[in-house]
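Colleague: Here is what each chain is made of, one letter per residue.
Number of protein chains: 2
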Amino acid sequence: MKKIRIGIVGYGNLGKGVELALRQNPDMELVCVLTRRDPARLNLATPGVRVLRMEDAPAMTQEVDVMILCGGSATDLPEQGPQMARLFNTVDSFDTHAKIPQYFAAVDAAAREAGRLSVISVGWDPGLFSLYRLLGGAVLPEGRDYTFWGRGVSQGHSDAIRRIDGVKDAKQYTVPVPEAVEAVRAGEMPELTTRQKHTRECFVVLKEGADAARVEREIKEMPNYFADYDTTVHFVSQEELDRDHAGLPHGGFVIRSGRTGEGGRNGQVMECALKLDSNPEFTSSVLVACARAVYKLALENATGARTILDIPPVYLSPLTGAQLRETLL
Amino acid sequence: MKKIRIGIVGYGNLGKGVELALRQNPDMELVCVLTRRDPARLNLATPGVRVLRMEDAPAMTQEVDVMILCGGSATDLPEQGPQMARLFNTVDSFDTHAKIPQYFAAVDAAAREAGRLSVISVGWDPGLFSLYRLLGGAVLPEGRDYTFWGRGVSQGHSDAIRRIDGVKDAKQYTVPVPEAVEAVRAGEMPELTTRQKHTRECFVVLKEGADAARVEREIKEMPNYFADYDTTVHFVSQEELDRDHAGLPHGGFVIRSGRTGEGGRNGQVMECALKLDSNPEFTSSVLVACARAVYKLALENATGARTILDIPPVYLSPLTGAQLRETLL
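Quick mapping for you: the protein sequence lines, in order, are chains R and S.
For the first sequence, this note's numbering begins at 1 and goes up steadily by one.
For the second sequence, this note's numbering begins at 1 and goes up steadily by one.
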């Protein structure tokens with residue numbers, strides 16, 4: 001059987017995760033990686049893969065069925081998304097929630113003009129969590145949505161701490177408040193403030209001679225990132241940080257709490273949870289499943305931009321509809 | 001805005017649940033109920049709804065956009081499914097897992113011939129749980145699926161107990177084994193036997209003079225239903241049963257435990273859970289959301305049979321793709 005030919009744009013954590021995820025999917029193969037770095041310096045784990053510069057993308061249009069864009073949402077994807085959508089069917093994990101409509105429009109226009117298909121904003125949130133929220137709202141229209149993240153490492157918050165004067169290194173964990181989660185699970189539908197939903201726990205390595213009290217204050221008072229939360233700061237050695245906080249675990253839950261029946265007498269709670277040892281590898285795995293869907297939808301001449309909410313789930317699976325009805329329905 | 005016109009076939013627990021669920025969905029309206037009983041004896045909660053006999057179905061083809069079939073899987077749906085699919089777009093909750101391929105084929109042929117669309121086997125299992133299993137397998141190909149049901153009332157098992165000589169009334173709860181659930185959640189991927197996954201708890205009212213020891217033995221030794229499980233039997237009075245066990249709560253979890261990365265070093269756990277005060281009302285709510293999808297897909301001239309695995313999720317929601325991208329993606 002012909003395999004789905006995949007390309008990767010950007011070889012960071014996410015790109016490496018895609019490379020590893022593809023090995024678990026025998027109906028797909030990695031054919032090329034595009035990088036901004038010197039191609040000769042990339043050490044791929046997979047033999048026989050071409051490593052090329054970004055500028056070589058147009059030469060690959062006949063070789064790649066779906067290009068998986070693994071750049072960041074801040075600066076890479078706003079540029080690469082529309083650009084690659086003109087050349088390839090694409091999947092990406094654009095995750096700046098507020099800018100999704102604008103990004104969707106840009107990719108949609110590019111893909112339509114080129115007769116290509118792009119699925120944007122895939123991963124777990126946005127992505128699977130978005131799908132869970134849609135299902136919850138559609139099935140239980142009288143209800144409330146709750147999304148909790150963690151316990152897990154937030155790279156954005158870790159970076160924010162590292163930018164403080166006197167900080168050598170740092171990791172920040174986002175932690176859901178257990179009492180809030182329990183109240184929601186029990187169907188109580190509480191109103192929760194930002195502070196009541198999550199706490200923030202920071203592990204910080206100071207530079208020599210830095211003022212710990214000042215650093216702690218600067219973290220706790222940082223607007224947007226920490227000021228609205230109860231934050232704990234632990235000062236640790238670099239050895240401790242490297243030993244105990246090297247991974248990128250994450251996770252969270254989407255809970256829909258609703259009521260049905262005469263006078264809304266019956267409580268109904270839907271919960272979807274993730275517990276991930278590796279956040280980037282899981283996101284990569286979702287990207288790869290969506291690349292399969294893009295391939296199949298493109299064969300049916302679908303063009304333009306889509307999200308995971310538009311994809312018939314059967315397209316994500318390597319199994320046929322008949323196999324799925326027989327084995328897992 | 002024109003509302004989606006819904007009909008109900010069969011006015012039992014599920015049909016009543018659909019009637020109540022429709023009140024929570026302002027884009028739909030109930031126009032008729034078809035029943036095998038005397039229409040004059042049905043007391044609907046909604047004014048202005050026509051109540052008709054099954055035989056009157058052909059007269060309603062122009063009045064109903066989607067017919068929701070609320071009969072049972074054992075005898076009603078195998079007959080009504082294909083029959084109604086010749087006249088209407090339909091949704092049903094056919095749930096005899098082993099017979100789904102055969103039922104799908106019969107409904108598909110009928111619906112195709114009539115140029116109609118049918119979504120079969122909708123509810124929570126089959127239904128949402130099937131979708132969760134598909135997502136788990138597609139995202140984490142190297143992993144294992146676990147489905148636990150309960151704690152909740154199994155009507156089939158309750159009926160089986162009531163058929164035993166000397167039993168006046170009974171309720172049976174299916175209960176997941178906490179240690180098994182915890183092991184799976186921890187990513188241990190255990191091999192679990194039937195007995196290790198669930199226990200069964202029975203509340204039984206005896207007829208006067210019945211031999212409790214014999215009834216208990218007959219329950220515990222009943223093949224398929226109880227013999228493969230650890231079963232507890234409590235004898236209670238009718239008053240106690242009516243007071244403490246009147247509801248139809250249910251629920252369960254689908255857990256996908258997988259591994260990713262170099263040598264599968266990272267554990268990734270996806271879990272979706274339901275905790276339902278009313279099993280039939282929740283199933284009804286899923287049926288109603290799927291009826292919306294059937295309506296939208298039929299407008300695009302889709303015909304034949306589908307399952308929830310074939311439906312682009314956006315069709316389940318009353319919101320547009322643009323609204324969903326802006327508010328919940």
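In case anyone wonders, no lab produced these hints; they're calculated from the structure.
Hints may be right or wrong, so weigh each one.
A pair counts as met if it fits within one copy or between any two copies, since identical chains are not told apart.
[Unchecked claim] Below 20 angstroms or equal to it, Euclidean Cα-Cα: the simulated SDA-like pairs (lysine to any residue) are:
| id | residue 1 | residue 2 |
| --- | --- | --- |
| 1 | Lys220 | Pro190 |
| 2 | Lys207 | Gln102 |
| 3 | Lys296 | Met222 |
| 4 | Lys207 | Pro78 |
| 5 | Lys99 | Thr327 |
| 6 | Lys2 | Asp169 |
| 7 | Lys296 | Pro141 |
| 8 | Lys296 | Arg144 |
| 9 | Lys296 | Pro312 |
| 10 | Lys99 | Gly321 |
| 11 | Lys168 | Val51 |
| 12 | Lys296 | Asp310 |
| 13 | Lys168 | His234 |
Colleague: Tell me the hint numbers this structure goes against, listed in increasing order.
Modeller: 1, 2, 3, 4, 6, 8, 11
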